[in-house]
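Colleague: Starting from the given sequences, assemble the full structure and let the hints guide the process.
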Amino acid sequence: MLIAVAVVALLQTPQSAPEIPSDAYLDEDAAMMVAAARVRTSGANERIEAYRMTARQRFSVGVRGLRRDRMIYRREIATRVDWRRGGDRQLEVLGAREASEVAGLATSPLDDDDLLSDADMAIDPTSEWLLRFPLPDEDDEDDDGRGNADEQTEDEDSDDDITIMHPLAEGSERHYRFRSGETTSIILGDGRTIRLRELQVLPRRATYSLVSGSLWLEAESFAAVRGIFTLAAPLRFSDIVSDGEDVTIGPGRSIIDLASASLGYLTIEYGLWDSTWWLPRLVALEGRVNVGRFEVPLVYEQLYEDYRVFADPDSVPAFEPIDTTQFRRVRRRCRGDDDCPERWVLIPKDSSLLVSSAALPGSMFGTDRWMTDTELEQVENLVRISGWRSMAFQLPHLEWRPLDAGLIHFNRVEGLTLGTSVNVDLQPLSLYSGVWIGHADPSPSFRLDLSRNRPGGRETIGAYRRVEAFTPDDRPFSIASSISSFAFGADDGDYYRSLGVSVTSETTTASRSGLRMRFYAERQEPLEKQTDASVRAWFGDHTFRPNPPADPADQLGVDVRANFAYGSNARAFRGGVEARLRAERGTFRFAQPSLAAYTTVPLPGPLMLGLDAAAGTSFGEVPVQSLWYLGGPSTIRAFRPEDRTAGQAFWRTRAEVGSDFVGARLALFSDLGWAGERDAFTADPALISAGVGASFLDGLVRADLARTVRGAPGRWGLHVYLDAIF
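So that you can map any letter, position 685 of the sequence shown is 674 in the numbering used here, and since no number is skipped, the others follow by simple counting.
One or more hints might be untrue.
What the hints assert, rightly or not - Below 25 Å or equal to it, Euclidean Cα-Cα: the simulated SDA-like pairs (lysine to any residue) are:
1) K518 - E495
2) K338 - L349
3) K518 - P431
4) K338 - R47
5) K518 - G423
6) K338 - D303
7) K338 - P535
8) K518 - R464
9) K518 - G503
10) K338 - I311
11) K338 - S97
12) K518 - T532
As the list claims (entries may be wrong) - Across the chosen pairs, the derived CB separations fall in these ranges:
13) V28 - S352: 42 to 48 Å
14) V549 - T172: 38 to 44 Å
15) A586 - N279: 24 to 30 Å
16) P582 - A20: 57 to 63 Å
17) S341 - F553: 21 to 27 Å
18) R27 - F650: 29 to 35 Å
19) P538 - P595: 47 to 53 Å
20) A20 - N279: 20 to 26 Å
21) R512 - R534: 23 to 29 Å
22) A476 - R704: 15 to 21 Å
23) R560 - K338: 26 to 32 Å
24) D673 - S341: 49 to 55 Å
FYI, nobody ran anything at the bench for these hints, they're computed from the structure. The beta-carbon is built from N, C-alpha and C at its ideal position, and this holds for glycine as well.
Modeller: Okay, structure coming up:
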């Protein structure tokens, strides 16, 4: 959906010229450039009678921001395009493959339905192409059911519901302001120098239907050479749902409100072919969809190479003959129009050729981009600059969530907690404020964050008052933990309250490495149990255990985490490392370095070995809430909170052997570890457990049944959680 949102432009031709606002052009050059670009757009490349070229497309979806990144889905297509004026075309599929890490789908060829809808990467060189992908044209075909296995007819429909206003569309001045920018030059391969002029596009308001960025136009012809954009505001899926005619808004609305999509960048680059024709060379998009704490990155890249352009009608060659013993010819015919262009899709009969094609080199599970590192760095810098300069010319986007589903939780110190939040977007800045309160604790909590978003990361300044956990990796505020507490009276968290301010910087890269730095000043206070309410208590005399007291403290601190991961293929070697350093001074003065690593290794037969290890220590005097704790779903499974061990140092190891199908995997595992005083460090484990686990979607969902072996022998524990290492 994000691709449709980001690249389908709303090209309108009004009946009469709209009135141009007086503040549309911030200088005379900008007005001249827009007018010239519109004239150039309407008549560009009209002498082209035909062309041949090779197009390659890659689309990737992942999951980020969890314990490790995952590739949900990737698709690659390569097509040789033979286009004729009027729309006739022949499309030879050179390669087409897909894979899914989390579903356990190995590299496989695309099916015919996907090929017919996605292999057509031809573009009309006379049409407006800026902010457009080569999506199906208005006369796309629908299936009439005729034909045979080697020569058949297919139809296809297209429905683009969400559009963005094109900066060069007639009347766009009502939505954008324009300003001339820098002048630069590029040197072509033949030694010629081309001068480019920048046209800055400034949206009037913060909305996902507008873009912010720059166009670079050739100084002489005003042909579009490059465009770099981002959405003026994130897309809130609640906006779509609330506007949909066929969608009923019910109790699930607050969950929908959690989802939003933002565009890191959209870049479109043209190349000069035969020293005459400006034709698309690269289209690239990177965005992300956020659902609560989950982040789903999207990457789309499309390359156009090896153009052969024909301007003389007499020089246009016939379509290349096709060996029908090797290819199936599928004709796509227009709906309800006998005069429509002919379009043939040529699909190899041997589908294995689609996977191993030389047109799609490399592994499906690699992290390489088709954009070079230099190109990517330039795009990110320009997006960052355009965001700041457009901020003064747009109105903010305000969103209020009366009942924020992300703030709902239950525990024994707050009770049932509900909250509300307000988010104000003025890209690249956003302001979030949330307030929540529990029925058992009349003291409210709040969070106020001012964030600056940028490609590949964000910076945040925040103030907060909230309940924190001794063991945050056990996620005691999650929905699963809240249900366990309320329904079964099993609250495994230990809590304290913090009041403070923080500055956070987060950076992630395409190579699956990341860096997070947090600086903070906060007051930490102990909390007591405030409620025994639970479903279990209603049917018996169950009470929650007391909450252990935290040490009161006023602290200044820094928390730095760096991680690196290798490998995306779930059936091959994968690994990752995270290094962390936490240091505080104030009432307590201490430093805590730690290192964690994991790997998966294929074994003979349909089996995989998984190893996860971590160790850490402390220097100085550490408050009880900051000690290392072992025992629980994130460390040593099956142990209850009262069985935990804690200390200034720790080590732990988790190992398992399971089936190699990552979509649904069964495994046998064992955990062992030790925690205690640093001077008493020993390799003899104090806690040991073993059990059986079921992992779904490459560990996105995990259920473990474990039994303690040493430390508190004979106890069983059932853990259901998200984002497991294995």
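Colleague: Of the numbered hints stated earlier in the document, which are not met by this structure?
Modeller: 1, 6, 7, 9, 17, 18, 20
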